[in-house]
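Take the two lone chains and join them into the complex the hints point to.
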Amino acid sequence: MKSLKSHFSLIAALFTILFTIQVYQILDRSISSYEENLRANYSMVVIATSTLDEGPIKARFPLVRSLDEISPDKVIKRLEKDMDKTSLGLLRATIPKFYKLSLEHYPQPEEVDMLSSKLMNLKSIKKVESFSQTHDQIYKLLVLYKGVTQIFAFAIFIVTMLLIAKEMRIWQFQHQDRMNIMALFGAPMMLRSAVLFRLAIMDAIIAAVLVIISFSIISANGWAEPYFADINIHVNIFNYAQDSFLHFGIALSLSTILASLLILTHKEEV
Amino acid sequence: MDKVIIAKDLTLSYNNNETIINPSSFDINSGDFVFITGASGSGKSTLLKSLYGALPPKKGELSVGGVVLNNISSKKLNFLRRHVGIVFQDYKLIREWTIEKNVMLPLIISGYAKDVSELQVQKLLTHVKLNHQLGKYPLELSGGEQQRVAMARALAHNPIIILADEPTGNLDDYSSQVIWNLLEGACAQLKTTVVVVTHHIPETMKVDYKHFHIEYGSIYEVT
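If you read the sequences in order, they're chains W and P.
Residue numbers for the first sequence follow my numbering, beginning at 1 and rising by one.
Residue numbers for the second sequence follow my numbering, beginning at 1001 and rising by one.
So here's chain P without its partners, still in its complex pose (with noise of 0.2 Å):
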C-alpha cells in the first residue's frame, strides 16, 4: 500500500524553539482514517498544522502526498494544499460568500470550469444535505450546517487527504454523526486518507481505523 504520509524523526516546535513534538517517525497509508489522540497542549494541531504546511519541520524529515515539507517553497506548498482538504472545528468559512461560493473555493483555486464547478458544488451539497440552502451565507446557518459546508469544500476537489483538526469540538451529538458519517464515507467510498484530530474517537466508527496518541511530545500507536 502506498505511504501517504512519511515521518522520520519529525520534530517540531514554534518560533521561541520549545520541542512539541520530538523526535518521531511513523507513516500513513494511502485510505487510512487515523484518529491522533491527546491531551489539550500536547501537540495534535501542531502536528496536523505540519501536515499541510503551516509549521514546517525543526528537524527530521516529513512528506505529504510525495511532496517534502522540509524547507519548501510557496509554489510546491500551495501545489499540495491543492490536494489536500482541510476541516477545522470553527470552519474557517469564508463570511462574506455564499455557501455555493465557499464550497466552489477549492475548485476555482484548482481552476476548474465554471459549469463543472457548478455541478459539483450542486452534488456536494446535496450530498451534505445543504442543496436548499446554496444562496445563503454562513452566518445564516447552525454550527452543525455551516461544518458540514466546510465538509463539502474538503471533498470539492477529491483531495488525497482530508486533514480535520476536532471537526466536532463545537457540534451537538446529531451534527457530529453526522460529520463522522461524512468522513468515513470519504475513507470508506472515496478511497481518501483521512487524519482527524480529536479528543474522542466515536463509538459508532464502521470503518477500521489507525490510531495516534500523543503523550509528553511523543507520538505512539495504539493498538
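Just chain W, same shape as in the assembly (with noise of 0.2 Å):
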C-alpha cells in the first residue's frame, strides 16, 4: 500500500507535467493558428502613381507574399451618375494605382514600420496604409496571451519539479537500506540503484500513457472543437505520433535525470 502511495505521487507528478505541457502545446497551436488567420486577412494597401511590378517588389523585401491591384472600376461605377463622361474619362486617367499587399507571416508592429518606411522610398509610391493600430492591438493582445501561457506553465514546472524531487527524497529514504546492505556485499552502483531506475522508468511510461490516453480521448471526442470553431481556427489537440514522443521523451529523461541525482548522492551509511 505504502510503495502504491509512492508509485501515486510520481506518477501524479509526472501527469501533472506532462499534461501542462500538452494543454501549452494546444495554446501554442492554437495561437499559430489564429496568427495564421490574422496573416491572411491582414494586409497593407498602397498607393502609387505607376504601375508596380509584383516580381521586383517580393525580390526586394521578403516579407511581401503579393502584390495585387485593386480595380477602381466599383468606385468609378458609382460615380457615373453624377458625372460626364469626359469628367470620368479624365479621373480614369489621373486616379493613383491601388495595391493590396499580402505578407509572408503575421508582422510585428516593427517589421509594419520597417516595410512601410522601405515602401515609401520607392518614387512611385505615394502612400502606405498599415492599419497599424489595429494590428498592434491585436498583436499586443497576443504576445500577451501567449507570454501569461508560458509563465503559468513554467510556474506548475517548477512546483511538479519539486514535488518530483521530494517524491524522490522520500523513495531514497526506502530504498536506502537495500542500497546500503548490497553495497556491504559489493555491488557495484550500477546494481545498488537498477530497482531505483526501474521504478522511475515505470512510473514515467505510466504516466506518459495516462496523459497520451487522456488527450486521445479529448481529442476523439471533439469537445473542443466547437470553442476553436467559433474563433475560426482549426486546433489539432493531439499529434498521436509527435506528441506522444515528445511525453515519453520528457517523462524519461525527468525520471532518469532525477533518479540519477539521487544516486549520485546517496551516500554509504558508516
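One thing to keep in mind: the hints can contain errors.
Straight-line Cα separation of at most 20 Å, EDC-like style, residue types lysine to aspartate or glutamate; simulated pairs [as the list claims (entries may be wrong)]:
hint	chain 1	residue 1	chain 2	residue 2
1	W	K146	W	D68
2	P	K1210	P	E1018
3	W	K146	W	D53
4	P	K1101	W	D177
5	P	K1058	P	E1118
6	P	K1092	W	D177
Hints in this document: simulated from the structure, not taken from any laboratory.
Right, dumping it as C-alpha cells:
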C-alpha cells in the first residue's frame, strides 16, 4: 500500500507536468493558427502613381507574399450618375494605382513600420496604409496571451519538479537500506540502483500513457472543437506520433535524471 | 600460515577527529577464529567496519585479503566485499525480498549462473534448517531464524573471511548456540577466517580461537 502510494505520487507529479506541456502545446497551436488567420486577413494598401510589378517588389522585400492591384472600377461606377463621360475619363487617367499587399507571416509592429518606410522610399509610391493601430492591438493581445501562458506553464513546471524531487527523497529513504546492504556485499552502483531506475522508468511510462490516453479521449470526443470553430481556427489537440514521442521523452528523461541525481548524492552508511 | 588481515599502526576515527582506535598493529592468519571483545563504545564495531572498508584508516596501514584499504577505490572495495561475508546483530536482511533471494544476493552480485545460485541457496538453507521457509519474507521469521538466514547469506559465496558484529546480541540461548555452531563449522570445515565482535565469548567453543581485547582505544591480544 505504501509502495503504491509512493508510486501514485510520482505518477501524479509527472502526469501534471506532461498535462501542462500538452495544454501549452494546444495553446501554442491555437495562437499559431490564429496568427495564420490574421496573416491571411491582414494586408497593407499601397498607393502608387505608376504601375508596380510584383516580381521586383517581392525580390526586394522578402516579407511580401503578393501584390495585387485593386481595381478602381467599382468606385468609378458609383460616380457615373454624377459625372459626365469626359470628367470620368480624366478621373480614370489621373487616379493613382491602388495595391493590396499581402505578407508571408503575421508581422510584428516593427516589421510593419520598417516595410512601410522602405516602400515609401520608392519613387512611385505615394502612400502606404498599414492599419497599424488595429494591428498593434491584436498583436499585443496575442503576445500577452502567449506570455501569460508561458509563465503559468513555467510555474507549474517548477512546483511539480519540487514535488518530484521531494518524492524521490522519500524513495531514497525507502531504498537506502537495500542499497546499503547490497553495498556491503560489493554490489556495483548500477546493480544497487537498478530498482530505483526500474521504478522511475515504469512510473514515467505510466504517466506518459495516462496523458496520451487523456488527450486521445479529448481529441476523439471533439469537445474543444466548437470553441475553436467560434474563433475560426482549427487546432490539432493531439498529434499522436509527435506528441506521444514528446511525452515519453520528457517523462523518461526527467525520471532518469532525478533517479541519477539521487544515486549520485547517496552516501553509504558508516 | 598466510596472513589474511594485517594492521600496522592502524588508527581509526570518525569525521569529528576523535580517535577511536589508537595506533595498533596485529595480524590474523587464514583460517583463524578471532574474537574481539571490549566494553560498549570501546571501538569493537568501529574496528570491524574498517575491516570491510566502511571506515578508512585515519593513519597506519590496513590490508584485508591482500587488498590495502587505505584510499581504496570503490571498484577495489567492491571486489574485496565480494570475498567477505558479513553478519550483523540486526541481521540486515532486505525486507522486500524472500529469504531465498536474500541468501542469493552475494551470488547475484558475483554473477553466478541462476541454476548454480539456486542449488547453493538450497544447500545453505538446508544447512541452517530453513529450507522449508525459502518463500517467506524476513519479517515472517523469528529473530533466530533471521540470523540463520543472514549466516546462510554470509556463507553463500564461499568468502575468505566472515566478519560478524555481535551476531547473537539479539538472540536467545538456543538460537545463539545455533549461530555459534554455524560460525565454528565455517571455520573448521571450510577453513574460513572468522572475526567476531562480541561482549561474551561462549563457553562452549570447540575450535581454537584468538582473542583481541580493546580498552581505552588500544588493541591487545589476550593469551
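Hints and how they fare:
| no. | hint | in the structure |
| --- | --- | --- |
| 1 | W:K146 - W:D68 | violated (33 Å) |
| 2 | P:K1210 - P:E1018 | violated (28 Å) |
| 3 | W:K146 - W:D53 | violated (38 Å) |
| 4 | P:K1101 - W:D177 | holds (16 Å) |
| 5 | P:K1058 - P:E1118 | violated (41 Å) |
| 6 | P:K1092 - W:D177 | holds (8 Å) |
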